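2 protein chains.
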Amino acid sequence: MPGKTAEEMALDQKEISVAEFFEKNRHLLGFDNPAKALITVVKEGVDNALDACEEAGKLPHLKINIDDLGENKYEITLKDNGPGIVKEQMPSIFGKLLYGSKFHSRRQSRGQQGIGISASVLYAQLTTGRPAIITSRTDENSITKRFKLKIDTINNEPEILHEEELDDGFEPGTEIKIVVEGKYLQRYHSVDEYLKQTAIANPYAHIEYSNPEGENFDFRRAIHELPPEPQEIKPHPYGVELGVLSRMLKGTESNKVLSFLQNEFTRIGRTSGEEICRLAEVDPDKKPKNLKHNEQERLLNAMQKVKIQRPPTNCLSPISEELIKNGLAKEIDAEFITATSRDPEVYRGNPFQVSCGIAYGGELEERETEKVTIMRYANKVPLLYQSSSCAITKALEKTDWKRYGLNQPGSNGIPKGPAVIFVHLCSTWVPFTSESKESIARYPKIVKEVKLALQESARDLRRHLSRKRKGKKEKRRKKIFSNYMPLVLENAVELAGDGQELTIEPIMKRVIDEKLVEEVEEGDEDE
Amino acid sequence: MPGKTAEEMALDQKEISVAEFFEKNRHLLGFDNPAKALITVVKEGVDNALDACEEAGKLPHLKINIDDLGENKYEITLKDNGPGIVKEQMPSIFGKLLYGSKFHSRRQSRGQQGIGISASVLYAQLTTGRPAIITSRTDENSITKRFKLKIDTINNEPEILHEEELDDGFEPGTEIKIVVEGKYLQRYHSVDEYLKQTAIANPYAHIEYSNPEGENFDFRRAIHELPPEPQEIKPHPYGVELGVLSRMLKGTESNKVLSFLQNEFTRIGRTSGEEICRLAEVDPDKKPKNLKHNEQERLLNAMQKVKIQRPPTNCLSPISEELIKNGLAKEIDAEFITATSRDPEVYRGNPFQVSCGIAYGGELEERETEKVTIMRYANKVPLLYQSSSCAITKALEKTDWKRYGLNQPGSNGIPKGPAVIFVHLCSTWVPFTSESKESIARYPKIVKEVKLALQESARDLRRHLSRKRKGKKEKRRKKIFSNYMPLVLENAVELAGDGQELTIEPIMKRVIDEKLVEEVEEGDEDE
Numbered sequence: 001m002p003g004k005t006a007e008e009m010a011l012d013q014k015e016i017s018v019a020e021f022f023e024k025n026r027h028l029l030g031f032d033n034p035a036k037a038l039i040t041v042v043k044e045g046v047d048n049a050l051d052a053c054e055e056a057g058k059l060p061h062l063k064i065n066i067d068d069l070g071e072n073k074y075e076i077t078l079k080d081n082g083p084g085i086v087k088e089q090m091p092s093i094f095g096k097l098l099y100g101s102k103f104h105s106r107r108q109s110r111g112q113q114g115i116g117i118s119a120s121v122l123y124a125q126l127t128t129g130r131p132a133i134i135t136s137r138t139d140e141n142s143i144t145k146r147f148k149l150k151i152d153t154i155n156n157e158p159e160i161l162h163e164e165e166l167d168d169g170f171e172p173g174t175e176i177k178i179v180v181e182g183k184y185l186q187r188y189h190s191v192d193e194y195l196k197q198t199a200i201a202n203p204y205a206h207i208e209y210s211n212p213e214g215e216n217f218d219f220r221r222a223i224h225e226l227p228p229e230p231q232e233i234k235p236h237p238y239g240v241e242l243g244v245l246s247r248m249l250k251g252t253e254s255n256k257v258l259s260f261l262q263n264e265f266t267r268i269g270r271t272s273g274e275e276i277c278r279l280a281e282v283d284p285d286k287k288p289k290n291l292k293h294n295e296q297e298r299l300l301n302a303m304q305k306v307k308i309q310r311p312p313t314n315c316l317s318p319i320s321e322e323l324i325k326n327g328l329a330k331e332i333d334a335e336f337i338t339a340t341s342r343d344p345e346v347y348r349g350n351p352f353q354v355s356c357g358i359a360y361g362g363e364l365e366e367r368e369t370e371k372v373t374i375m376r377y378a379n380k381v382p383l384l385y386q387s388s389s390c391a392i393t394k395a396l397e398k399t400d401w402k403r404y405g406l407n408q409p410g411s412n413g414i415p416k417g418p419a420v421i422f423v424h425l426c427s428t429w430v431p432f433t434s435e436s437k438e439s440i441a442r443y444p445k446i447v448k449e450v451k452l453a454l455q456e457s458a459r460d461l462r463r464h465l466s467r468k469r470k471g472k473k474e475k476r477r478k479k480i481f482s483n484y485m486p487l488v489l490e491n492a493v494e495l496a497g498d499g500q501e502l503t504i505e506p507i508m509k510r511v512i513d514e515k516l517v518e519e520v521e522e523g524d525e526d527e
Numbered sequence: 001m002p003g004k005t006a007e008e009m010a011l012d013q014k015e016i017s018v019a020e021f022f023e024k025n026r027h028l029l030g031f032d033n034p035a036k037a038l039i040t041v042v043k044e045g046v047d048n049a050l051d052a053c054e055e056a057g058k059l060p061h062l063k064i065n066i067d068d069l070g071e072n073k074y075e076i077t078l079k080d081n082g083p084g085i086v087k088e089q090m091p092s093i094f095g096k097l098l099y100g101s102k103f104h105s106r107r108q109s110r111g112q113q114g115i116g117i118s119a120s121v122l123y124a125q126l127t128t129g130r131p132a133i134i135t136s137r138t139d140e141n142s143i144t145k146r147f148k149l150k151i152d153t154i155n156n157e158p159e160i161l162h163e164e165e166l167d168d169g170f171e172p173g174t175e176i177k178i179v180v181e182g183k184y185l186q187r188y189h190s191v192d193e194y195l196k197q198t199a200i201a202n203p204y205a206h207i208e209y210s211n212p213e214g215e216n217f218d219f220r221r222a223i224h225e226l227p228p229e230p231q232e233i234k235p236h237p238y239g240v241e242l243g244v245l246s247r248m249l250k251g252t253e254s255n256k257v258l259s260f261l262q263n264e265f266t267r268i269g270r271t272s273g274e275e276i277c278r279l280a281e282v283d284p285d286k287k288p289k290n291l292k293h294n295e296q297e298r299l300l301n302a303m304q305k306v307k308i309q310r311p312p313t314n315c316l317s318p319i320s321e322e323l324i325k326n327g328l329a330k331e332i333d334a335e336f337i338t339a340t341s342r343d344p345e346v347y348r349g350n351p352f353q354v355s356c357g358i359a360y361g362g363e364l365e366e367r368e369t370e371k372v373t374i375m376r377y378a379n380k381v382p383l384l385y386q387s388s389s390c391a392i393t394k395a396l397e398k399t400d401w402k403r404y405g406l407n408q409p410g411s412n413g414i415p416k417g418p419a420v421i422f423v424h425l426c427s428t429w430v431p432f433t434s435e436s437k438e439s440i441a442r443y444p445k446i447v448k449e450v451k452l453a454l455q456e457s458a459r460d461l462r463r464h465l466s467r468k469r470k471g472k473k474e475k476r477r478k479k480i481f482s483n484y485m486p487l488v489l490e491n492a493v494e495l496a497g498d499g500q501e502l503t504i505e506p507i508m509k510r511v512i513d514e515k516l517v518e519e520v521e522e523g524d525e526d527e
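Read top to bottom, the protein sequences are chains A and B.
The end of the first sequence is residue 527 by this note's numbering, with every number in the run present.
The end of the second sequence is residue 527 by this note's numbering, with every number in the run present.
It is possible that part of the hints are untrue.
It does not matter which identical chain is meant; a pair holds if it fits inside one copy or across any two.
[Stated by the list, open to error] No farther apart than 27 Å at their CA atoms in a straight line, the calculated lysine-lysine pairs in the DSSO-like style are these: (1) Lys148 to Lys402; (2) Lys4 to Lys14; (3) Lys445 to Lys73; (4) Lys183 to Lys148; (5) Lys394 to Lys371; (6) Lys468 to Lys292; (7) Lys183 to Lys292; (8) Lys398 to Lys416.
For the record, the hints were derived by calculation from the structure and aren't laboratory data.
Small disclaimer: the values here were computed from a predicted structure and weren't measured.
With the sequences and hints as input, model every part of the structure.
Have a look at this one:
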């Protein structure tokens, strides 16, 4: 038989750069098709810009422009008023995949992987061969720097084609300009819709946008204050795994196991630290580096058993009920809006928090027979794709909407009715189902929290619908009573004797007003 | 306002190793939960073993053993009779993510990313802290090498804990032994089922398997010959993108554009090469390196416009109709089995080919009211998860099964009935929806081919069912005729006159046999 030998095979074996990997697998990053690609580029730019502004404590102001260059090519320009980027970091941030500040940090941010924006640069050079142009200025006193760069795919390193310093009054912040193959659509899955949803969830951001058709959008601020900045936290003992613990033990600067536990984890104090050591039968004074494999295992097991407080939640930046209501009201002229925010929860040691809102009726009335519109968000970023595999959609489908007054064909599924349902999940680590970050993995704990949030808001909706319905009924009954009142009054007065009109009429009126209202409210409870 | 400056932010920015990335995102690689993790480890090992054996021209013989170590820990041992691995390559192949021979090669193989097996090692050390033990020997004349290794996650490099040479009669081939946290289930999604499906699609492989309960399985060969080895091909001009073309032009050893086109692409000859240059208005004698951006663009456009033959398909190793029938018959005792193989097609320049099979009735009869069992395969590897997002499932749901005799509640969806439906797609590059390679992206061209294949097999099924139904009817009618025959005969004889019994009886019998069969066959056409 022919066939290769081990030596021949060895010649073919080599390293694959992560840039090559994602170039060939670009659909994993959201570059499946031209329409989605255009949205993905804008999304990655907006994510980074908003993160940077917030981290710098600045109210975001974004200017986005998409030019149709013909032949399915689009030039996207995105400028922010963020803190800018120091010159040395500019090439790596835009020209290297898996590079950034958020991956290793345990706090809520939009970006988390260090792939997004450089993947856009990669996609640009792959489809149009054009370099990205990055301009940044850190403040009024500094020089503006500009790089023209590509990615050296084989090595996953930035390839700088040109760099210069400018003195042209560029307003501090960062601008990226790239040309990609794309397709502009004006549908539910569009850049326009994406930015509208972004504006709803980030009402403290001012977003100006000019689409390829030359239409201008100005999503102005609904509030003028940044939400509190999420704080970085240490890992929680319940979420750590053996391999990670082992690495932490090796790398720690603490001299004793006890101080290691207290210093490197959140929510471990002296008492719980001692209890862990006792349970694990590990000497609390031992050097962390010297723990043997089975001691590490026992330590991990003990850490899972000792009762430890939930992680702090100041690492999260949820969207408050007030903000959701404001955001929805700003963009949708509905007859009724409600919102709910749940308490924080934890999955695999990662804090997360769910909030949701429902807008009903008003301008939505015309969508009476359609499925409700679902707005899914993770860490304030709208999720437009892969809805069917998302924990949010699953929870929504498993909710019994008939109980709450929406039409739901079949026993579960997306309900129908003139409503927009908004769901936001924030976490220090959102478990996305792919690198393109379009859908949240269905951890049972997450699905449950989303369902509970939806039910809370749904109860408000039911109350509203019930009141509305009863209101209509009551009005009709009042009208009938009022029509007959003169006749009844006449008879009553006749029975009561002359001179009683003045006493009886107000009584009758009171009966109509109060009695009817009472009946309506009792009926409400029977629903 | 507080907030960070650009300089402060720069301190946090750093490189993320691909091993760190996948450690944190291990669900992307199929390590979402313990049950799936166990299957994934076996799967990655089997993929590599079968690929290596076939590449070396050896009939695969795999021995797999899973030991339950208690506390949700399992030791997996997988030994193959492949070509072995040279010592220098052993650490990188098992201890480095994105390393291998298949990523850059344009031919069908099970592995394609250089992630799978090292991800299993990563998962093992993360969950149990235990190193992988790799043993390999290339042939009878060489020494056996053994490595104990982990992955240095921060640097994505192998960390060798121990290495040794053995002289203990280890049979040539490679063995991997790892300990992972897992969960053994005996359900549809199980290692047992995974290996059974693997045996069906690879009937030239001998697979011995001992599960954690101590049960032994011996999937023996149904045929004793390897399929023709898939050949490596060059890229097809229709599938190339500007960024890749640009890189190829820079890196080529050809001195002229014309020879570059002929040498570096499949299916471009002198004539089509010249036509491309003419259409692109590019001098065919120009040095490839010297092409300007707009010349490159014109060249690419011209490459898409000139009529070029489809790529050759000897890069593929489809499963023939014969093999599918053999494979299904070997594992399922069905009353009827059929199979179809389509001609190769091309998506984005990548050749692919679909084949399918249906097994019906027999031992499946008891599943009459259940959904049919779907066996999805890509490059001979069973796909157990993420069925709902897969191109194969989509095509199956969109097929009108009622027409073919299966029950299909609603207008589309998975049909019900006592059947197993087998679908195999092979390609030089299967577009998986995630790194865990569980589901094929729904390219319209792929969905269409799967549907056409299913319809072909479904027509065979319909013919069978129709014959079966008519057969039953016919039998019943024959019986009635036969019952009445003596009476009819008696009367006929009476009418015809004495002494005619011997003539009439055979005529009557012939009428019953032939006439009824004829009616049945005519009826078939009306279906």
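Status of each hint after checking the structure:
no., hint, result
1, Lys148 to Lys402, "neither (56 Å within a copy, 59 Å between copies)"
2, Lys4 to Lys14, "within (17 Å within a copy, 41 Å between copies)"
3, Lys445 to Lys73, "between (43 Å within a copy, 24 Å between copies)"
4, Lys183 to Lys148, "within (24 Å within a copy, 51 Å between copies)"
5, Lys394 to Lys371, "both (15 Å within a copy, 22 Å between copies)"
6, Lys468 to Lys292, "neither (68 Å within a copy, 69 Å between copies)"
7, Lys183 to Lys292, "between (57 Å within a copy, 26 Å between copies)"
8, Lys398 to Lys416, "both (14 Å within a copy, 24 Å between copies)"
In this structure, the earlier hints numbered 1 and 6 are contradicted, and the remaining ones agree with it.
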